[in-house]
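Engineer: From first to last, the protein sequence lines stand for chains R and Y.
Numbering-wise (full-length UniProt numbering), the first sequence opens with residue 1 and increments by one.
Numbering-wise (full-length UniProt numbering), the second sequence opens with residue 1 and increments by one.
Hints are not guaranteed to be accurate.
Because identical chains cannot be distinguished in the list, a pair is counted as satisfied if it fits within a single copy or across any two copies.
To be verified - List of simulated lysine to aspartate or glutamate pairs, DMTMM-like, C-alpha gap at most 20 Å:
no., residue 1, residue 2
1, K136, E152
2, K225, D327
3, K534, D108
4, K378, D227
5, K409, E295
6, K378, E17
Derived by calculation from the structure, the hints in this document are not laboratory data.
Just so you know, these numbers come straight off a predicted model, no measurement behind them.
2 protein chains.
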Amino acid sequence: MDNSGATQQSSGPPQGESNHVPLSPISFLERAVRVHPDRLAVVDGDVTLSYRGFYQRSRQLAGALQAMGITPGNVVSTLGMNSRAMLEAHYGVPMAGGVLNAINARLDGASIAFIMAHAESRVLIFDRSLRSVVVKALAQLESSPPLLIEVEDASDDGSPWDRPAPHAYESLLESATPCSPRLPDDECDCIALNYTSGTTGNPKGVIYSHRGAYLNALSNTLTLKMDDRTVYLWTLPMFHCNGWTHTWAVTAAGGTHVCMRRVEPARVLNMIHARGITHMAAAPIIMTMLLDRPEASTPLPRPVLLATGGAPPNSATIARMSALGFDVLHLYGMTETYGPSLVCQFQPEWSSMTHEARARLQIRQGVGTFAIERVALKDPVTHEDVPADGQSLGHLMLRGNTIMQGYIKNPDATREAMGRGWLDTGDIAVMHEDGYIEIRDRAKDIIISGGESISSIEIEEIMMSHPAIREVAVIARPHDFWGETPHAFVVSASGTDTPNEADLLNWCREHMAHFKVPRHITFQTSLPRTSTGKLQKYALREHQKTQMATA
Amino acid sequence: MDNSGATQQSSGPPQGESNHVPLSPISFLERAVRVHPDRLAVVDGDVTLSYRGFYQRSRQLAGALQAMGITPGNVVSTLGMNSRAMLEAHYGVPMAGGVLNAINARLDGASIAFIMAHAESRVLIFDRSLRSVVVKALAQLESSPPLLIEVEDASDDGSPWDRPAPHAYESLLESATPCSPRLPDDECDCIALNYTSGTTGNPKGVIYSHRGAYLNALSNTLTLKMDDRTVYLWTLPMFHCNGWTHTWAVTAAGGTHVCMRRVEPARVLNMIHARGITHMAAAPIIMTMLLDRPEASTPLPRPVLLATGGAPPNSATIARMSALGFDVLHLYGMTETYGPSLVCQFQPEWSSMTHEARARLQIRQGVGTFAIERVALKDPVTHEDVPADGQSLGHLMLRGNTIMQGYIKNPDATREAMGRGWLDTGDIAVMHEDGYIEIRDRAKDIIISGGESISSIEIEEIMMSHPAIREVAVIARPHDFWGETPHAFVVSASGTDTPNEADLLNWCREHMAHFKVPRHITFQTSLPRTSTGKLQKYALREHQKTQMATA
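Please build the complete structure, drawing on both the sequences and the hints.
Structural biologist: Structure (structure tokens):
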């Protein structure tokens with residue numbers, strides 16, 4: 001049989017302007033403004049924008065940035081809370097050909113200075129309320145300072161400003177010539193640069209491409225079932241993986257972005273009622289905060305899809321949220337995967353379960369999203385697959401178009417993370433027989449006791465079902481004989497007394513294998529967390545070290 | 001300002017296996033089988049397949065094709081009605097690296113022979129019930145005949161078979177080694193070859209890429225709001241633009257394909273009730289057929305989204321379907337655009353309108369789908385945009401990743417259709433102020449009378465609202481003085497007498513500009529249509545010619 005088939009002979013009709021367009025989230029806003037120009041696009045306090053207005057302002061921002069000298073590939077940093085300016089930056093910066101670097105607004109001056117220098121930021125757009133940390137960051141910046149644009153938010157932190165006045169965001173936009181949005185020359189060009197939280201060492205700059213951002217956003221639109229009736233409450237910070245790419249996904253759906261600068265649980269519940277919220281995303285700690293409010297005893301007027309992730313949620317919290325009327329969707333991801341990359345996809349047959357039974361399945365991280373091509377659990381050395389038996393531990397590895405392009409200026413770390421054909425997430429997990437992944441620990445958080453691997457998350461999940469416990473974190477404690485043993489840090493349930501340690505340990509022995517029972521319990525009034533709700537186990541380890549040294 | 005930004009310096013982290021995967025609909029089936037292996041994937045008469053079974057059989061088909069010598073780029077033709085074998089071909093052929101050429105099963109032997117020779121088909125998979133036309137096609141085939149695989153469908157047309165016995169589909173699959181699905185080396189490689197209906201001249205072979213098929217399918221999943229509870233009734237032929245890419249979109253959503261080999265209106269209504277159908281797609285003529293059934297007086301148990309397209313629907317039909325409980329979504333597309341490329345996107349505020357008022361908006365072709373980047377109305381010569389005033393006529397032009405790669409072995413036609421940066425659809429339309437496109441005619445169907453352009457579709461839409469008319473088609477009739485005048489072919493409403501021609505003309509004068517009123521009316525018992533429900537205006541023109549010659 002001759003191999004030169006008809007399609008091979010003429011597989012050369014050129015990719016041209018008519019049939020090849022670089023994939024980019026910019027196209028979502030362009031479509032939204034054409035399809036529903038008058039629909040409510042953004043709510044930010046008292047200010048509202050239609051899609052026409054949102055588009056126009058994004059183009060004005062792009063024009064202003066170009067006038068300031070931004071050319072393709074230049075980095076524009078932002079330091080702000082959730083606001084229309086942050087949303088506009090998600091479109092205006094790439095429209096100008098720039099790369100968006102949304103810095104975590106809760107970082108200290110030194111970290112911000114490190115990021116701006118490393119990213120070679122040309123422009124910094126910041127909230128007036130963050131003046132004091134900006135002043136500190138600029139003082140520590142050794143490279144040439146970026147041009148400064150200040151967003152006048154309601155609150156002024158009153159800190160002194162001893163430099164030339166920054167550009168005022170609103171007047172800059174007003175006087176700018178709207179730019180004609182440009183799509184990238186190549187869809188693999190960089191759209192965003194997001195720095196990891198870097199609990200150890202300096203943060204690493206993760207490169208997102210237009211293609212990856214487009215595909216992950218569409219994948220989220222599908223996964224969260226967003227459409228043109230979606231009203232999305234921004235409880236998740238937009239500086240966190242570009243708000244898990246929801247900054248683009250909500251626009252793709254033609255929904256409404258409702259901004260929230262500061263997450264106050266009572267206000268969240270009020271907004272859900274007042275604004276007809278249909279979707280939101282938040283770290284598990286936010287669910288705990290919501291459940292603590294007295295208003296949380298009123299069931300929701302209509303179901304709200306709440307996507308949670310960033311840290312493993314526990315089933316007790318999910319069950320209580322479900323009872324209240326939230327559809328909790330558990331997502332797993334990391335900066336290196338544009339945010340969400342696994343989803344605990346809800347199976348229709350789960351509908352008939354009790355909230356509690358269902359919640360025990362919902363704590364699993366789940367299966368790959370639409371955009372992820374392959375999910376595997378592998379031995380980190382041999383790269384052999386680990387059995388899907390719900391018990392064997394392996395490194396969670398991912399492959400797909402929504403895996404980062406790499407770490408900027410860090411080829412060694414890039415190679416280490418993804419040089420062997422898979423991104424090694426560094427998370428230790430099991431795969432259940434149904435293919436659902438359940439994370440047991442970060443590689444560095446696993447406890448090895450007498451040669452047995454113990455999952456700190458598994459212990460935490462069990463202890464959370466004790467009525468006297470509000471929060472719990474388990475870490476390894478060095479032990480001469482066993483190597484390591486589990487050490488639990490417990491916050492007791494509000495309104496109840498500190499539980500008796502011996503009672504609690506007895507209870508643990510009834511509910512888990514004896515070698516997993518914590519040898520030590522420390523009671524605290526709260527647990528250290530990052531701005532995004534992630535437990536800071538390294539802080540607990542420091543605490544433990546001090547404790548042990550002084551014991 | 002120095003231009004060499006940080007992202008440019010190291011914009012070179014290589015696209016590797018971990019972060020670059022060719023976009024292909026094959027991935028939809030791979031994800032579906034991982035996420036819900038036991039969910040019902042295919043219903044075909046009494047046979048049902050889970051996603052596990054569907055995937056397994058597709059891989060077996062791929063293995064069998066490879067064993068028969070199919071290598072990347074080779075063409076595999078199918079000639080069949082909607083069935084699980086057709087669905088399996090949509091995955092198995094590309095999994096083997098092959099190119100799927102789904103031939104319209106209602107074509108005659110000569111046309112089928114032309115397509116197989118032109119496409120250089122290596123294999124033909126056909127339904128036993130189509131033996132007689134296959135025999136005719138093979139007899140007329142001048143090139144070397146393809147290997148033959150026969151699908152045993154329930155009905156045998158009893159025609160003689162004077163050749164060596166073809167491979168039997170089921171036993172071939174049974175003995176095949178399942179292949180490991182391969183993704184294309186390049187996402188722009190050809191996945192399908194679809195021949196236009198070619199009302200004039202030979203049909204042209206339209207090249208679809210894996211990338212375009214992936215993006216159009218996802219776009220359809222979003223547009224039709226399909227999810228894992230979707231039950232899709234296959235009333236649309238899968239050989240028509242790969243079923244508007246719904247063959248892939250339903251799988252992407254994780255829904256259920258319900259096959260229907262022959263569209264019998266009473267059975268369609270029964271299936272909707274018995275199978276819990278949520279979605280279907282059909283040409284407008286199918287809506288008319290459904291409404292003619294006595295069963296259609298029973299409202300639907302739950303809303304069914306019915307996507308219609310392929311020919312302009314009329315508002316009276318849409319209003320009646322809506323009253324029955326169908327959510328009619330009007331799509332526009334053509335073979336060159338992977339099927340759907342415009343959608344009459346339903347605006348939430350339309351919900352409060354009467355069925356009739358809404359239907360008058362729903363006959364518009366609408367706005368670009370997610371996958372289409374740009375929609376424009378242009379002067380075909382100057383390529384200047386025509387005003388969006390609801391009146392100015394222009395050529396509808398499209399641009400995006402879901403525009404064909406070109407016509408196979410036909411660079412001239414490719415250049416003519418899309419050589420100037422846009423695909424010229426050849427359809428004449430207006431753009432309303434809200435950006436919604438409304439097609440007035442095919443370029444060749446427009447009537448030019450006394451220098452005025454008259455839209456035959458506009459006249460048809462108005463005449464359809466006359467209670468005595470069931471179907472109507474309007475074409476140009478040569479006229480010595482005016483150049484052309486409108487000529488209407490009318491099918492009277494079933495059960496009513498042929499209307500009086502003079503009365504009808506008077507009625508037209510009341511409802512449209514006088515120069516648009518048909519000068520001639522011909523009453524017929526039916527109108528000539530293609531297998532996909534498209535009006536065959538060329539047949540009416542032939543009829544008119546004979547009529548005028550004998551007058």
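Engineer: Please list, smallest to largest, the hint numbers that this structure does not respect.
Structural biologist: Hint check: 4 and 5 fail, others pass.
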